[in-house]
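Participant: Chain residues, written in single-letter form:
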Amino acid sequence: MRAPLALLAALLVAPAAARANPLDMYGFLSRSTAMGGAVTADVGDVSAGYYNPAGLARMHAFRAELGYFWGSPSLATDGRDNGVDSSHGVVGGLAAPGRVFGLPFAFGLAIHVPDDRLSQVRALTQPQPRWELYSVRLQRLYIAASLAISPWRWLRLGAGLVFMASTRGGFDISGRISATQPSNSSLTHGVDADLTAVRYLQAGAQADLPHGVSLGLVFRDEFKLDTQLVANLAGQIVVGGINDPRALAIPGLYALQSHVLSAFQPRQVVAGAVWRIVPSVRVTADLGWVQWSRYENPTAATDVSLQLTIPAGIPGLRQPTVPLPATREAMRFHDTFVPRFGVEWTIPARRHSIAVRAGYAYDPTPVPDQAGLTNFIDSSRHVFSFGAGLTLRRLGAALPGTLSFDVHAAMQVLETRSVVKADPNDAVGSYTASGTVLNVGTTVAVGFE
Amino acid sequence: MSRIACVVLALGVAGCGTLASGAGGDTDLPRGRSGPFRLLDNLELPAGSCVLRDDTATLGDPSAVALPDGRIDLYATRTDGTARSIVRARLDGSRSAPGAPAMALVPTLPWHGGGVGAPDVVRTADGAWMVFDTAAGIGLARSVDGIAWTSLDAPLLVADATAGELSALRAPTLAVRADGTWWLAYESAGAIWGARATGPQGPFVRVDGDDRTARRDPWVSPGDDAVDAGVVGYASGSVGDPSLRVEASVAGRELLRLYFSARSAPVAMDGGTTFLRSVGLAGSFDGVHFTRNATAVLPGALDPTVSSPTSWNDGALRTWLFVGGRCDLSGRSSGVRVAVAPANQRYDRAP
Numbered sequence: 000m001r002a003p004l005a006l007l008a009a010l011l012v013a014p015a016a017a018r019a020n021p022l023d024m025y026g027f028l029s030r031s032t033a034m035g036g037a038v039t040a041d042v043g044d045v046s047a048g049y050y051n052p053a054g055l056a057r058m059h060a061f062r063a064e065l066g067y068f069w070g071s072p073s074l075a076t077d078g079r080d081n082g083v084d085s086s087h088g089v090v091g092g093l094a095a096p097g098r099v100f101g102l103p104f105a106f107g108l109a110i111h112v113p114d115d116r117l118s119q120v121r122a123l124t125q126p127q128p129r130w131e132l133y134s135v136r137l138q139r140l141y142i143a144a145s146l147a148i149s150p151w152r153w154l155r156l157g158a159g160l161v162f163m164a165s166t167r168g169g170f171d172i173s174g175r176i177s178a179t180q181p182s183n184s185s186l187t188h189g190v191d192a193d194l195t196a197v198r199y200l201q202a203g204a205q206a207d208l209p210h211g212v213s214l215g216l217v218f219r220d221e222f223k224l225d226t227q228l229v230a231n232l233a234g235q236i237v238v239g240g241i242n243d244p245r246a247l248a249i250p251g252l253y254a255l256q257s258h259v260l261s262a263f264q265p266r267q268v269v270a271g272a273v274w275r276i277v278p279s280v281r282v283t284a285d286l287g288w289v290q291w292s293r294y295e296n297p298t299a300a301t302d303v304s305l306q307l308t309i310p311a312g313i314p315g316l317r318q319p320t321v322p323l324p325a326t327r328e329a330m331r332f333h334d335t336f337v338p339r340f341g342v343e344w345t346i347p348a349r350r351h352s353i354a355v356r357a358g359y360a361y362d363p364t365p366v367p368d369q370a371g372l373t374n375f376i377d378s379s380r381h382v383f384s385f386g387a388g389l390t391l392r393r394l395g396a397a398l399p400g401t402l403s404f405d406v407h408a409a410m411q412v413l414e415t416r417s418v419v420k421a422d423p424n425d426a427v428g429s430y431t432a433s434g435t436v437l438n439v440g441t442t443v444a445v446g447f448e
Numbered sequence: 000m001s002r003i004a005c006v007v008l009a010l011g012v013a014g015c016g017t018l019a020s021g022a023g024g025d026t027d028l029p030r031g032r033s034g035p036f037r038l039l040d041n042l043e044l045p046a047g048s049c050v051l052r053d054d055t056a057t058l059g060d061p062s063a064v065a066l067p068d069g070r071i072d073l074y075a076t077r078t079d080g081t082a083r084s085i086v087r088a089r090l091d092g093s094r095s096a097p098g099a100p101a102m103a104l105v106p107t108l109p110w111h112g113g114g115v116g117a118p119d120v121v122r123t124a125d126g127a128w129m130v131f132d133t134a135a136g137i138g139l140a141r142s143v144d145g146i147a148w149t150s151l152d153a154p155l156l157v158a159d160a161t162a163g164e165l166s167a168l169r170a171p172t173l174a175v176r177a178d179g180t181w182w183l184a185y186e187s188a189g190a191i192w193g194a195r196a197t198g199p200q201g202p203f204v205r206v207d208g209d210d211r212t213a214r215r216d217p218w219v220s221p222g223d224d225a226v227d228a229g230v231v232g233y234a235s236g237s238v239g240d241p242s243l244r245v246e247a248s249v250a251g252r253e254l255l256r257l258y259f260s261a262r263s264a265p266v267a268m269d270g271g272t273t274f275l276r277s278v279g280l281a282g283s284f285d286g287v288h289f290t291r292n293a294t295a296v297l298p299g300a301l302d303p304t305v306s307s308p309t310s311w312n313d314g315a316l317r318t319w320l321f322v323g324g325r326c327d328l329s330g331r332s333s334g335v336r337v338a339v340a341p342a343n344q345r346y347d348r349a350p
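Quick note, the sequences are listed as chains A and B, same order.
Residue numbers for the first sequence follow numbering that gives the first Met the number 0, beginning at 0 and rising by one.
Residue numbers for the second sequence follow numbering that gives the first Met the number 0, beginning at 0 and rising by one.
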């Protein structure tokens with residue numbers, strides 16, 4: 000037990016190096032992804048760190064998994080590909096079981112490390128069309144640390160923390176700006192950035208019933224990732240030579256405060272079941288509730304103020320008006336129910352085994368009709384997934400446990416959706432949205448005895 | 000412990016050295032293709048600030064017509080003293096330099112009076128139709144090739160004071176909708192009016208732009224919709240020079256776009272003698288009720304003479320807007336300028 004505890008301690012004191020969650024969209028590790036993500040009641044590998052931490056208590060020996068996935072969107076409006084970023088990176092984790100007070104116990108670590116960018120924040124204007132649930136939202140680093148216990152043989156309970164980072168920052172500029180000779184302006188600036196940790200809870204349970212049936216329940220809490228920027232510009236606007244004491248100098252203060260919701264994960268509750276029809280065949284089903292209705296408008300909320308001290312006796316020179324902050328539209332996203340189904344057929348081959356998997360999920364879009372100012376593009380998804388796995392057992396003294404290779408391919412097919420604007424002068428106009436997203440990946444797992 | 004350390008190390012190493020590519024998701028996003036526009040300058044055009052000019056006369060009131068081969072026929076009013084005629088030039092693209100414009104239509108009939116001008120051309124499968132204005136009313140001409148034109152013997156439509164048209168009809172524009180109806184818009188008394196017919200030769204039936212009132216209303220009327228106190232609305236004085244285009248979204252919804260010249264009420268700060276000119280846009284889904292944009296799509300800040308817009312979509316999510324304007328800062332030479340939306344891209348000078 001010393002090793003898992005040491006890892007847990009190291010994780011809790013680590014700097015806030017974790018961000019948000021792309022796994023909702025693409026799944027986590029090949030076996031669970033190939034089964035359509037319908038593994039809440041069934042998961043018993045490292046992916047339990049995401050799908051249901053209670054599943055960690057299924058394991059009886061240390062297990063490490065490492066994989067890679069590539070999610071490649073082809074999302075288009077009016078038939079033109081919008082070039083939405085792909086998401087790809089290393090996925091993996093470990094599970095370390097043991098016993099506490101005589102009860103089975105396990106620690107799990109799940110991690111997704113994008114190999115393109117660890118995090119991305121974009122602030123877009125409100126009417127700017129964007130594929131809201133793709134692109135930026137999926138460019139995240141994810142780390143989850145979970146604990147699980149099995150108080151009775153038929154029941155497993157688990158809980159974990161997922162780590163995020165919130166960004167606050169600002170800069171100050173002061174000096175003299177020459178209105179007539181801008182290149183001669185004299186300015187100094189300072190930048191202050193601060194990363195603060197955000198954590199959210201996930202918890203779950205699995206219960207075994209007779210006849211090869213198990214039930215599962217998992218809860219993932221909501222998190223919001225805010226980016227705040229404060230900028231202050233204090234100085235003088237100089238008309239004339241920058242060092243000319245006779246030049247007209249107008250002291251001024253310009254302050255800007257911007258707040259952007261750069262990531263949001265809705266609260267989720269997922270219930271699932273698995274039926275092991277025969278030892279080699281199991282079917283799974285999940286139904287998830289996703290609380291998208293609390294999604295806030297991600298458009299930057301900006302507050303600007305300007306104070307100029309204009310010397311008396313200069314007729315006609317007035318302080319310009321500062322634009323009022325734009326009214327942010329209500330998002331009106333709605334909650335969704337996401338059904339998922341999976342099937343796995345395991346074929347024994349002497350002491351080894353081969354598994355074939357398939358899955359399906361229907362993920363209705365939470366985005367309402369975009370007839371007004373906003374253009375959050377999305378459409379309901381049908382997700383078809385397939386996969387296979389090879390598990391080798393007792394390969395010798397160096398590896399007395401198991402060595403598994405799993406692959407998956409999943410295709411999201413977005414329903415074609417027409418966005419019809421109410422205003423004939425709408426700057427974006429009416430359009431259609433459609434697309435597919437291919438997700439492929441592989442996982443290598445090592446299980447020790 | 001060493002196994003765990005190896006795994007953690009591998010994950011950590013894999014996460015290092017991340018090099019981000021450019022942020023994606025911005026390619027070919029949908030746009031209304033309706034502005035705001037930016038005037039191209041002489042660094043983006045081959046021959047000064049205008050794409051069409053005539054050193055011996057003034058050119059204005061352009062009408063752009065897309066040809067099947069991708070080129071553009073640009074018609075314009077040529078004003079030489081008091082003589083008005085209609086000329087045509089063929090452009091390889093929105094920024095190409097055409098040769099000298101050729102005469103397309105000159106006043107030949109008695110009702111043409113002193114001249115013809117303000118053309119707007121529609122091409123159909125069986126030829127091309129041009130509406131134009133004269134002192135007597137709106138005229139119609141026909142051509143099989145878009146080069147040689149023959150005017151009808153009588154005006155297509157003349158002003159009717161009982162229908163609200165208190166001044167001569169001018170600057171007509173013609174469009175055909177998907178249902179085969181022909182729609183005519185024109186300027187009179189500082190507003191834009193509409194009429195429709197089953198064919199280009201009429202008879203055109205006047206359309207009421209607001210059936211909630213007893214009188215006939217224009218499609219677009221001037222109004223002060225200033226959003227910032229102290230600044231007059233861009234269309235608070237008058238509207239005119241309409242250019243009507245029928246577009247359809249990918250989803251199949253038909254949309255009528257009406258570009259027009261806008262003139263503000265006199266600006267008070269200089270004693271009430273100056274007004275602002277710009278180009279505005281109104282839209283309609285039903286062809287009856289038009290909604291005017293709250294802001295100008297082409298402000299007259301860089302060229303206070305912009306007027307008489309006509310649009311052309313090049314199929315690449317860009318809209319080009321040809322307008323009358325000045326070809327030099329002094330304003331001594333007036334011709335046809337071009338603006339583009341989206342406005343955030345600059346272009347190399349065309350060959």
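Some clues are possibly wrong.
[Said to hold, decoys possible] A few chain B residues that don't get close to chain A, going by computed Cβ distances all over 10 Å:
1) G34
2) T123
3) G189
4) D210
[Unchecked claim] Not the full set, but computed from the structure, chain B residues with beta-carbon under 7 Å of chain A:
5) D27
6) T78
7) G80
8) A158
9) V245
10) A247
11) R252
12) L254
13) T294
No lab work stands behind these hints: they were computed from the structure.
Keep in mind the model is a prediction, meaning the values are calculated, not measured.
Glycine included, every Cβ here is placed at the ideal spot set by N, Cα and C.
Participant: Does the closest beta carbon of chain A sit nearer than 7 Å to the beta carbon of B:T294?
Facilitator: violated, 10 Å
Participant: Hey, does the B:R252 contact hint survive, CB to chain A under 7 Å?
Facilitator: For B:R252, the interface hint holds, since the closest Cβ of chain A sits about 6 Å away, which is under 7 Å.
Participant: So, B:V245 near chain A? Judge it on the closest CB pair being under 7 Å.
Facilitator: violated, 12 Å
Participant: Does the claim that B:D210 lies outside the interface with chain A hold up, using a Cβ gap greater than 10 Å?
Facilitator: Holds: least Cβ distance 18 Å, greater than 10 Å.
Participant: Next item in the hint list is B:T78. Is there a CB on chain A closer than 7 Å to its CB?
Facilitator: violated, 32 Å
Participant: Just double-check B:G34 for me: nearest Cβ-Cβ distance to chain A has to come out over 10 Å.
Facilitator: Violated: least Cβ distance 8 Å, not greater than 10 Å.
Participant: Regarding the hint that B:L254 lies at the interface with chain A, is the smallest CB-CB distance below 7 Å?
Facilitator: holds, 6 Å
Participant: Should the hint that B:A158 touches chain A count as held when the rule is a Cβ pair under 7 Å?
Facilitator: violated, 28 Å
Participant: Holds or violated: the hint that B:G80 contacts chain A, with Cβ atoms closer than 7 Å.
Facilitator: Because about 39 Å separates B:G80 from the closest Cβ in chain A, which is outside the 7 Å limit, the hint is violated.
Participant: Could you let me know if the closest chain A CB is still more than 10 Å away from the CB of B:T123?
Facilitator: holds, 25 Å
Participant: Can we keep the B:D27 interface hint, with Cβ of chain A closer than 7 Å?
Facilitator: holds, 4 Å
Participant: Under the criterion of a CB-CB separation shorter than 7 Å, is B:A247 in contact with chain A as hinted?
Facilitator: The hint is violated - B:A247 has no Cβ within 7 Å of chain A, the shortest such distance being about 9 Å.
Checked against the numbered hints above, the structure violates hints 1, 6, 7, 8, 9, 10 and 13; every other hint is satisfied.
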